[in-house]
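Residue numbers (our numbering), protein chains in the order written: chain A, 25 to 312; chain B, 16 to 260; chain C, 25 to 423; chain D, 76 to 387.
Check the hints yourself; a few may be wrong.
To be verified - Computed cross-link-like contacts, BS3-like style, restricted to lysine-lysine with a CA-CA straight-line distance of at most 25 Å: (1) C/K93 to C/K203; (2) D/K375 to A/K109; (3) C/K50 to C/K93; (4) A/K112 to C/K93; (5) C/K50 to C/K196; (6) C/K93 to C/K148; (7) A/K109 to C/K148; (8) D/K81 to A/K112; (9) D/K81 to D/K375; (10) D/K81 to D/K379; (11) C/K203 to C/K148; (12) D/K379 to A/K112.
No wet-lab data here; the hints were simulated from the structure.
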Amino acid sequence: MEILITGLVLGGTYALIAMGLNLQYGMARIMNLANGEVLVAGGFAAFWFYTAGQISPLLTVFIVAPLAFVANWLIYVIILRPLVKRAKSRGQLEVDSILTTFGLSFIAVGVMLAVFGGDYFSYSFLATPVQLFGDTYALNRILAFLSAVVICGALYLWLNHSRTGMSVRAIAVSPDSAKLVGIDVPRLSAIAFALGGAVTAVGGTLISSFLTLDASTGVLFTLKALIIVIMGGVGDVRGTIVAALMLGILETFVASVIDPGLTLAAAYALFVIILLFRPQGLFGRKTT
Amino acid sequence: MRTDAPVLSLRGVTKRFGGLVAVNDLDFDVAEHQVLGLIGPNGSGKSTTLNLISGAFPASSGTISLRGTPITHLAAQDITRRGISRTFQLVRLLPSMNVLENVKAGAVFGHRRRWGAEADSYAMQMLEQVGMARMAHAPIGQLTYIDTKRVELARVLASDPRLLLLDEWLAGLNPTELEEGIRLIKSLRDQGRTIILVEHVMDAIRSLCDHCVVMSSGAKIAEGTPEQALSDPEVIRAYLGDDDA
Amino acid sequence: MLEVQGISVSYGKHRALEDASVRVAKGEIVVILGANGAGKSTLLKAISGICEGHVSGSVRMDGTDLTDKPANRIVEEGIALVPEGRGIFPDLTVQENLTLGAYSARARDEEAGNLERLFTLFPKLHERRRQVVRTMSGGEQQMVAIGRAMMSNPAILTLDEPSLGLSPLLCKELFQNLKAVRDTGIGILLVEQNAKQSLAIADRGYLLENAHIVHEDSAAALAVDPAVQKAYLGGAAAKPVRSAPVAAPASAPRTQRPAAADPAAIAAAAMQNFAPAKRAAVAPPPPPPPVQAAPPPSRPAPAPVTPPSPAATRPQGIQIDDLVSRARATSAAQVSTRNAQQPRRDPPRPKLADRTTAMPDLGNSADRLRAALDEIEQAARRAEAYRTDHNRTPKPTGK
Amino acid sequence: MTLTGKDYKNISVVVILLALAACLPLVSGAYLLAIGVTIAMYTVLATSWALFSGPTHYISLATAAFFGVGTYTTGIGIEYLPYWVLPIIAGVLGAVMAALVGLATLRLSGVYFVIFTLGLAELVRQVITWFQNFSGQKGLYVLTEITEVHIYWQLVGLAAAVYLVGWLIGRSRLGFALRIIGDDEEVAAHSGINTSRAKVLLFMVSGSVAAIVGAMLAPRYIYIEPLLAFTPMLSFQVVIMALLGGTGRLWGPIVGVIPFTFLWEAISASFPNQTTLLLGVCFLIIVYLLPRGFVGLLDKIRSKINAAEAYS
């Protein structure tokens with residue numbers, strides 16, 4: 025029971041990160057390997073605001089989100105759009121964007137190292153225990169989970185019930201058709217990419233309240249987010265959430281029963297199984 | 016009557032894409048040395064049928080057999096190795112290679128595999144056959160439209176296929192090119208090759224094919240000599256639409 | 025009013041469309057006929073700004089220049105395309121597809137009204153509005169596609185082969201629907217292979233052959249034009265009456281190839297489809313025996329420059345045989361002439377108007393129709409006989 | 076096999092160059108030799124990487140995983156077996172691992188492959204750390220008689236072998252098949268090529284070579300621990316060097332390796348804290364300015380000169 029709840033809580037925050045990546049990869053069609061660095065940057069912001077100004081991470085979210093949105097929008101428009109235009113095929117865009125975002129991730133790591141140094145950073149925020157179903161959990165985790173639920177819910181509603189959200193999904197489903205109904209595909213792709221970045225950064229802010237981060241942990245989160253997105257099915261919101269919860273529970277299980285050092289190995293095992301038996305993801309459909 | 020199995024036979028072949036039935040319970044045979052025309056209006060499932068035969072994707076049900084041996088669930092490369100080679104509706108060449116190397120690709124990995132000097136000379140022979148020998152060392156980017164089609168045909172011929180699938184090989188040619196193209200396919204016919212021809216140029220069908228299978232909405236609606244098939248009322252209806260008059 | 029002026033499109037070296045001009049007014053259906061690869065889809069893509077090739081020429085909508093504008097701007101100007109492959113969002117519901125259809129600013133104010141109108145036009149869409157489009161049948165998906173396009177409140181609706189993959193019954197329904205759309209005041213530009221049905225609902229039509237627009241006429245005139253038939257069934261189909269008695273006796277051994285005409289002649293026959301001025305010249309292989317004595321060839325058939333003076337010099341009864349014998353007599357000569365002439369075919373091309381007058385008068389269309397129907401019946405009998413005798417794909421019914 | 080005069084010329088040039096390279100330890104000091112080892116190591120790694128990734132366009136980030144497996148083979152095996160067996164065992168282990176990874180991911184699109192290989196080193200590292208936790212040790216000592224010079228010669232020999240294998244593959248049906256796959260996989264399948272088998276085979280070659288390099292370099296480290304053996308930076312550096320040189324030719328990667336090694340030395344010396352950042356900048360420079368590496372640049376210049384000559 026304890027594993028299940030801790031897992032769900034962890035999975036909830038993973039869902040938020042993966043949602044960010046899914047917006048970028050599923051909707052804007054950019055495989056962003058610098059995603060984890062955005063997350064760490066969000067965590068850094070929270071750390072800085074908290075230690076310097078005693079500002080609660082829950083408030084920092086409202087500063088981080090618009091900043092990350094603008095930054096990611098600029099990255100898309102300035103750096104990535106030329107690649108989209110230059111690419112003759114989906115495959116070429118994939119290779120180019122992978123290399124470019126790798127470069128960006130290194131640059132981000134380098135900048136963060138220069139600014140904050142290579143140390144782990146953590147701060148103590150709401151580390152008070154709460155009782156739930158007879159077990160104790162840290163309040164910050166629960167809060168982070170609840171915030172993640174709120175944000176995921178809002179995103180889900182936005183994607184499914186707002187006009188812009190629907191057009192973002194339309195781009196994911198069929199960019200060619202989207203043009204024909206008058207959607208400005210380049211503009212909306214930039215928005216989806218920027219929004220994805222903002223969601224990821226918010227995820228980072230929340231995660232930093234209970235996990236220890238350092239400048240180079242970003243890539244681990246990128247990996248986990250990628251595994252979740254592929255498991256859930258690219259561009260599929262429900263799949264992302266389900267896969268994130270699965271991964272959260274699995275990791276918690278492995279960490280508490282076998283060895284905390286094996287969480288990534290466990291995630292990979294799950295990933296391989298999915299690749300072998302359902303390469304299109306849990307909810308994805310086969311393309312013919 | 017016939018003791019030997021046909022080169023290719025389709026029985027109850029069906030392909031569904033989601034809810035759409037692209038090919039519906041299709042039966043036909045191709046005999047040795049026969050040129051079979053597969054015709055029908057756009058979207059009637061001809062190209063899908065060709066893709067099913069060549070193994071580009073698997074049939075949902077039914078069997079396809081090559082000389083009596085089922086090949087329904089084989090991968091494309093295994094089907095090619097067994098002797099079915101195809102051209103593509105939109106010509107597909109290997110852009111980083113020259114003309115000869117493109118053709119060699121067929122000779123090296125096809126039905127009868129050759130290597131080294133033998134592959135080179137065989138590929139050259141095929142280029143001569145399609146009239147491209149003088150361009151053997153030209154890069155692909157310099158070719159005219161019909162020449163790209165000829166190179167693709169040479170690549171397919173170089174694999175020494177038992178059955179040749181030509182997917183709208185004459186489409187998009189201008190009149191002069193069309194004349195050359197028809198002459199080329201006719202020369203293949205005269206060599207006694209077994210061919211399935213998906214084609215829209217009706218005059219070519221009439222003159223090149225021994226036998227025609229007409230498809231509409233995924234199903235076979237007529238079969239016979241070109242004259243018979245094309246004068247079938249069902250066929251006229253499929254092409255010209257329902258006559259309201 | 026949509027006006028396309030002298031538009032040319034090339035994909036690399038391949039010229040897909042040359043100097044095409046088309047206009048569509050509101051409240052009319054204009055159909056573009058042509059064989060595969062003639063450039064029909066390219067024309068629609070170029071109009072909607074989604075063509076990947078190099079486009080030159082001009083597209084104007086009510087006087088606003090739309091050339092080189094991005095696709096979403098063109099939608100705002102009131103041109104909606106239903107592309108081949110439908111252009112819908114298969115993973116979304118019908119309702120979502122329609123809402124997305126009204127994405128453009130020009131459509132938003134009218135969204136509710138348009139939706140209501142659409143649901144009256146296609147009640148089925150209302151029934152199925154919560155269904156995911158991918159799970160619907162081909163005909164229903166096509167309906168969604170048209171509905172989606174109509175939701176953008178277009179002045180002109182362009183459709184690329186909407187009947188593709190639909191059963192004859194659904195086709196009929198589709199064309200009735202298009203007529204209903206036209207009656208709401210929308211102009212429709214339709215690219216079709218289904219000549220008869222599309223001409224039945226159209227007001228005007230263009231014939232596109234080998235990247236050129238070769239003919240423009242009213243739909244009624246095109247419907248009886250043998251060139252239209254030929255564009256689809258090739259040379260011999262235009263004269264079924266003649267071929268009937270001799271064509272393929274049922275006992276013919278099937279391994280026997282049809283009398284092998286020389287490739288030049290085959291190509292020549294095929295090329296009749298491309299060369300407008302020679303539309304009357306039919307050289308079908310194998311040539312049927314002349315029914316009447318053919319007059320000696322007055323001049324080589326393929327000479328394309330001056331159209332033959334109509335009717336007077338060509339009594340229609342012997343016309344086809346006449347041409348057949350001429351074609352036979354000159355087939356060898358044709359190759360060289362043609363090789364020399366074809367590349368230069370464009371400059372001396374007569375203007376559209378000239379060509380329409382050059383159309384051979386085929387007499388009373390009712391007579392023709394009767395003849396064609398007779399022929400179809402005969403053919404049906406023949407086909408039936410053939411099937412029972414020679415059923416080589418043994419089905420239970422054949423035995 | 077028939078060799079043309081041009082082949083003989085190329086072979087002799089390569090043999091002479093390798094012989095010259097082998098003479099380096101005789102004339103140089105310790106510092107230059109250390110750089111020589113680094114260059115030889117990256118040449119082998121980048122060339123074998125490009126053997127697979129060049130024609131197939133799959134970006135493998137698994138070099139560090141294979142390398143680490145090789146290092147650990149030596150680290151564990153040195154106590155029980157003579158040294159010369161270990162690189163062979165490492166090669167076999169690398170090939171087996173590559174086969175498993177390839178079979179699972181090479182059927183799928185490139186992105187899956189990248190993601191999988193990206194985490195592979197971390198995955199193997201976690202598993203090894205976990206095993207070590209049982210035995211209670213943190214690292215392994217590799218104490219041998221093998222000196223830097225020996226390592227250098229081994230690597231030069233391995234480089235010769237890699238060039239030979241690459242050259243043979245280029246002349247073989249497998250190499251031809253890979254070029255076709257790189258151009259158009261569907262055509263390849265319809266020409267009768269078993270595309271996944273060809274890709275997996277090449278990936279095995281590449282993985283096996285990386286593992287051998289790891290095994291050969293283990294004595295240099297003396298003390299190995301998971302974090303050192305599986306450093307992900309290695310994978311990225313190999314990718315960047317190979318891309319900088321160009322993957323279109325067998326000799327492409329070395330053209331990237333040599334300048335990059337010196338550049339990297341300079342960067343590490345002058346900006347020890349900004350290496351990551353500058354590596355990122357290198358990635359961007361390659362993608363935007365040198366998409367086909369130095370080789371592509373040379374080809375472009377050459378074709379321009381040819382065109383200019385054709386006009387004059």
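So, going through the hints one by one against the coordinates:
Restraint check for C/K93 and C/K203: the C-alpha separation of about 30 Å exceeds 25 Å, so the hint is violated. Using a Cα cut-off of 25 Å, the hinted pair D/K375 and A/K109 holds, with the two alpha carbons roughly 22 Å apart. Between C/K50 and C/K93, the direct Cα distance comes to roughly 22 Å. Compliance with the 25 Å bound is thereby established for this hinted pair. At most 25 Å may separate the alpha-carbon atoms for a hinted pair to count; A/K112 and C/K93 meet this at roughly 21 Å.
For the hint linking C/K50 to C/K196, the alpha-carbon distance of about 23 Å falls within 25 Å, and the restraint holds. About 35 Å separates the Cα atoms of C/K93 and C/K148, which puts this hinted pair outside 25 Å; it is violated. Among the hinted pairs, A/K109 with C/K148 is inconsistent with the structure: their alpha-carbon atoms are about 41 Å apart, more than 25 Å. In summary, the hint linking D/K81 to A/K112 is not supported, as the alpha carbons are separated by about 36 Å, beyond the 25 Å threshold.
Only pairs whose Cα atoms come within 25 Å are accepted, and D/K81 paired with D/K375 is accepted, the gap being roughly 23 Å. Distance hint between D/K81 and D/K379 is fulfilled; the C-alpha atoms sit about 24 Å from each other, no more than 25 Å. Between C/K203 and C/K148 the CA atoms are separated by roughly 17 Å; this keeps the pair inside 25 Å, and the hint holds. Restraint check for D/K379 and A/K112: the C-alpha separation of about 23 Å stays at or below 25 Å, so the hint holds.
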